[in-house]
Amino acid sequence: MPLPFSLKSLKPLLLSSAFILLAGCQSLNSTTELRGTGDLGVVVERATGSLAVVDTSKREIFNRVEGLGDLSHASVKFSRDARYAFVFGRDGGLSKVDLLTSKITERVIQSGNSIGGAISQDGNYVAVANYEPGGVKIFESKTLRLVADIPATYTDENGDIQRSKTVGLVDVPGNDFVFSLFDAGEIWTVDMTTTEPEIQRYKNTGKQPYDSLISPNGRYYIAGLFGEDGLALLDLWHPEKGVERILPDYGRGEKRLPVYKMPHLEGWAMAGDRAYFPAVGRHEVLVADTDDWSLVKRIPVHGQPVFVMSRPDERQVWVNFAHPKNDVVQVIDTRSGDVIKSLSPGKSVLHMEFTPRGENVWISARDSDHVKVYDTETFEELATLPMESPSGIFFTDRAHRIGL
Amino acid sequence: MIYRQWSFLVMLGLLPMFAVAEPNPNRQAELDTLLYQDCGSCHGMTLRGGLGPSLLPERMERYSTEAITGIILYGVPDTAMPGWSDLLTEEEAAWIANQLKQDNSISR
Chain A
1192 MPLPFSLKSL
1202 KPLLLSSAFI
1212 LLAGCQSLNS
1222 TTELRGTGDL
1232 GVVVERATGS
1242 LAVVDTSKRE
1252 IFNRVEGLGD
1262 LSHASVKFSR
1272 DARYAFVFGR
1282 DGGLSKVDLL
1292 TSKITERVIQ
1302 SGNSIGGAIS
1312 QDGNYVAVAN
1322 YEPGGVKIFE
1332 SKTLRLVADI
1342 PATYTDENGD
1352 IQRSKTVGLV
1362 DVPGNDFVFS
1372 LFDAGEIWTV
1382 DMTTTEPEIQ
1392 RYKNTGKQPY
1402 DSLISPNGRY
1412 YIAGLFGEDG
1422 LALLDLWHPE
1432 KGVERILPDY
1442 GRGEKRLPVY
1452 KMPHLEGWAM
1462 AGDRAYFPAV
1472 GRHEVLVADT
1482 DDWSLVKRIP
1492 VHGQPVFVMS
1502 RPDERQVWVN
1512 FAHPKNDVVQ
1522 VIDTRSGDVI
1532 KSLSPGKSVL
1542 HMEFTPRGEN
1552 VWISARDSDH
1562 VKVYDTETFE
1572 ELATLPMESP
1582 SGIFFTDRAH
1592 RIGL
Chain B
3 MIYRQWSFLV
13 MLGLLPMFAV
23 AEPNPNRQAE
33 LDTLLYQDCG
43 SCHGMTLRGG
53 LGPSLLPERM
63 ERYSTEAITG
73 IILYGVPDTA
83 MPGWSDLLTE
93 EEAAWIANQL
103 KQDNSISR
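Quick note, the sequences are listed as chains A and B, same order. Sequential numbering from 1192 applies to the first sequence in my numbering. Sequential numbering from 3 applies to the second sequence in my numbering.
Among the clues, some could well be false.
The calculated lysine to aspartate or glutamate pairs, modelled on EDC-like cross-linking and capped at a C-alpha distance of 16 Å, are [what the hints assert, rightly or not]:
#: 1; chain 1: A; residue 1: K1333; chain 2: A; residue 2: D1289
#: 2; chain 1: A; residue 1: K1516; chain 2: B; residue 2: D40
#: 3; chain 1: A; residue 1: K1538; chain 2: B; residue 2: D40
#: 4; chain 1: A; residue 1: K1432; chain 2: A; residue 2: E1475
#: 5; chain 1: A; residue 1: K1516; chain 2: A; residue 2: E1475
#: 6; chain 1: A; residue 1: K1249; chain 2: A; residue 2: D1261
#: 7; chain 1: A; residue 1: K1446; chain 2: A; residue 2: D1483
#: 8; chain 1: B; residue 1: K103; chain 2: B; residue 2: D34
#: 9; chain 1: A; residue 1: K1394; chain 2: B; residue 2: E32
#: 10; chain 1: A; residue 1: K1333; chain 2: A; residue 2: E1348
#: 11; chain 1: A; residue 1: K1538; chain 2: B; residue 2: E32
#: 12; chain 1: A; residue 1: K1398; chain 2: A; residue 2: D1440
#: 13; chain 1: A; residue 1: K1516; chain 2: B; residue 2: E93
#: 14; chain 1: A; residue 1: K1446; chain 2: A; residue 2: E1475
#: 15; chain 1: B; residue 1: K103; chain 2: B; residue 2: E60
#: 16; chain 1: A; residue 1: K1398; chain 2: A; residue 2: E1419
#: 17; chain 1: A; residue 1: K1394; chain 2: A; residue 2: E1431
#: 18; chain 1: A; residue 1: K1452; chain 2: A; residue 2: D1529
#: 19; chain 1: A; residue 1: K1452; chain 2: B; residue 2: E60
#: 20; chain 1: A; residue 1: K1446; chain 2: B; residue 2: D88
#: 21; chain 1: A; residue 1: K1398; chain 2: A; residue 2: E1431
#: 22; chain 1: A; residue 1: K1398; chain 2: B; residue 2: D80
#: 23; chain 1: A; residue 1: K1446; chain 2: B; residue 2: D80
#: 24; chain 1: A; residue 1: K1488; chain 2: A; residue 2: D1504
#: 25; chain 1: A; residue 1: K1394; chain 2: A; residue 2: D1347
#: 26; chain 1: A; residue 1: K1538; chain 2: A; residue 2: D1483
#: 27; chain 1: A; residue 1: K1488; chain 2: A; residue 2: E1431
No lab work stands behind these hints, which were simulated from the structure alone.
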């Protein structure tokens, strides 16, 4: 069918609209262009106290945010619209960062020394686990206004009231937070649906819980124990059963190797009906059956594992290691339970993060001052991004995952 | 208190006396990185404390260099502090102990 008018007569119109379009583009800078945040993330640059905002589609640095204080052990959560990052700094700073404008929109110094945080199921509350003074503080996520202050008090062996360092803080369904008390060996849950937060305490859960994970469905809260072999498990579908000890004797009678860096459990590693955990003081990844939590296998690895993380499709588990064996990352095939690949991404590998569907992994190498991006299927190196002492890597798909 | 036990051992001469020789400048730079990055992963990068206690000079002045060296090399039983003797020599540990007692750029 012929066009009702010739292209020639359209030419001036096309030209002028092209001009308007161009002019329009020029007036927009890169930060005000409409775009989603689903393929963005942040990398913590711990030496400079800055965040690199990264684009996981283009595999490049999108922008940089400075002035976040001491980020030597920082972690990040995202608002439910995945636009804002909540940054928990070691110096007790809690900052809210707009990824799109790459600006700090709110910032409070809420304690002397903090370790990590969580965002509630409904997205309304941000909680921070503090070392000093020990306890948890809860803020309104919109304004960072303090809404609850929960001192982690306990009675020590001399009958004195002490405050414990808090660790392993996560959100769970029911708008609850759960955390562990390192010095007290307790696990507490906080219900945020009531006007006054309601606290449930579980005592004698094991010596020195150092970090925790929550299963992807929010059912199992598992705290790793530093002071003894084993892990503490709270089944949130059956809280009345209390806290059980699992894998209690995985290394009985064996001499522990020195642990030069605490393992992490955050960044769950559940794959199929198996759970993968870092052993403490042993160069092994422990595999447990999630039906009865029995030990299925001990996989020998390169060093003391720090992060043990499953690829989103659960076919691989990636492991990094503590000082001084921290220049290697190993990949376990979850079908065979064997290490199938060792990579050398650089010096002092601190963290790994999968793209939302797992086709790539980003790995930070602190002392090489770079982040490397790998194809998780071919192990091909796809990109190297220069960063200042990069540590934690967090992508925005965490906004929509329980416990992350 | 566990630290007192260490000082006690040192006083009794049960721990060897540590050589005064300093590590070479390259090694000093490595130890400096180790101190604020790896010790820092528990004690905080500014050494103000974290899961482990503060290592700032005002706290360190309570302990002798020998006691701190002993703790670095052999750790503190029943705590998360490991012994670093597989990774550090006595003179290196003593150098770090000295750094911790001084109010220098590391403890910023």
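Quick rundown of the hints versus the structure:
At roughly 12 Å between alpha-carbon atoms, K1333(A) and D1289(A) fall within 16 Å of each other, so this suggested pair holds. Between K1516(A) and D40(B) the alpha-carbon distance is near 12 Å, which keeps this suggested pair within the 16 Å criterion. For the hint linking K1538(A) to D40(B), the alpha-carbon distance of about 13 Å falls within 16 Å, and the restraint holds. Taking the CA atoms of K1432(A) and E1475(A), the gap is about 30 Å. The hint is violated against a cut of 16 Å.
Simply put, K1516(A) and E1475(A) have alpha-carbon atoms about 13 Å apart, close enough for the 16 Å limit, and the pair holds. With a C-alpha separation of about 29 Å, the suggested pairing of K1249(A) with D1261(A) is violated against the 16 Å cut-off. Annotation: proposed proximity of K1446(A) to D1483(A) is violated, straight-line Cα distance about 27 Å (limit 16 Å). Distance restraint check for K103(B) and D34(B): the Cα-Cα separation of roughly 14 Å lies within the 16 Å cut-off, and the hinted pair is therefore satisfied.
Taking the CA atoms of K1394(A) and E32(B), the gap is near 43 Å; set against the 16 Å cutoff, the hint is violated. For a cut-off of 16 Å, the pair hint linking K1333(A) to E1348(A) is broken: about 41 Å separates their Cα positions. For the hint pairing K1538(A) with E32(B), the CA-to-CA distance comes to about 13 Å; that is within 16 Å, so the pair holds. With a CA separation close to 14 Å, the supplied pair K1398(A) and D1440(A) stays within the 16 Å bound.
Proposed proximity of K1516(A) and E93(B) is contradicted: the alpha carbons are some 22 Å apart, above 16 Å. With a CA separation close to 13 Å, the supplied pair K1446(A) and E1475(A) stays within the 16 Å bound. Under the criterion of a C-alpha separation no larger than 16 Å, the hint pairing K103(B) with E60(B) is consistent with the structure, at around 8 Å. For the hint linking K1398(A) to E1419(A), the alpha-carbon distance of about 6 Å falls within 16 Å, and the restraint holds.
With a CA separation close to 13 Å, the supplied pair K1394(A) and E1431(A) stays within the 16 Å bound. A threshold of 16 Å between alpha carbons decides the hint, and for K1452(A) with D1529(A) the separation of about 24 Å lies outside it, so the pair is violated. Note on K1452(A) and E60(B): the hinted pairing is violated, with a Cα-Cα distance of about 25 Å set against a maximum of 16 Å. For the given pair, K1446(A) sits about 15 Å from D88(B) by alpha-carbon distance, which is consistent with the 16 Å threshold.
For a cut-off of 16 Å, the pair hint linking K1398(A) to E1431(A) is broken: about 21 Å separates their Cα positions. Between K1398(A) and D80(B) the CA atoms are separated by roughly 10 Å; this keeps the pair inside 16 Å, and the hint holds. Note on K1446(A) and D80(B): the hinted pairing holds, with a Cα-Cα distance of about 14 Å set against a maximum of 16 Å. Restraint check for K1488(A) and D1504(A): the C-alpha separation of about 21 Å exceeds 16 Å, so the hint is violated.
Between the alpha carbons of K1394(A) and D1347(A) the distance comes to roughly 12 Å, so the proposed pair stays at or under 16 Å and holds. For a cut-off of 16 Å, the pair hint linking K1538(A) to D1483(A) is broken: about 39 Å separates their Cα positions. Only pairs whose Cα atoms come within 16 Å are accepted, and K1488(A) paired with E1431(A) is rejected, the gap being roughly 30 Å.
In summary, the structure is inconsistent with hints 4, 6, 7, 9, 10, 13, 18, 19, 21, 24, 26, 27 from the numbered list given earlier, while agreeing with the others.
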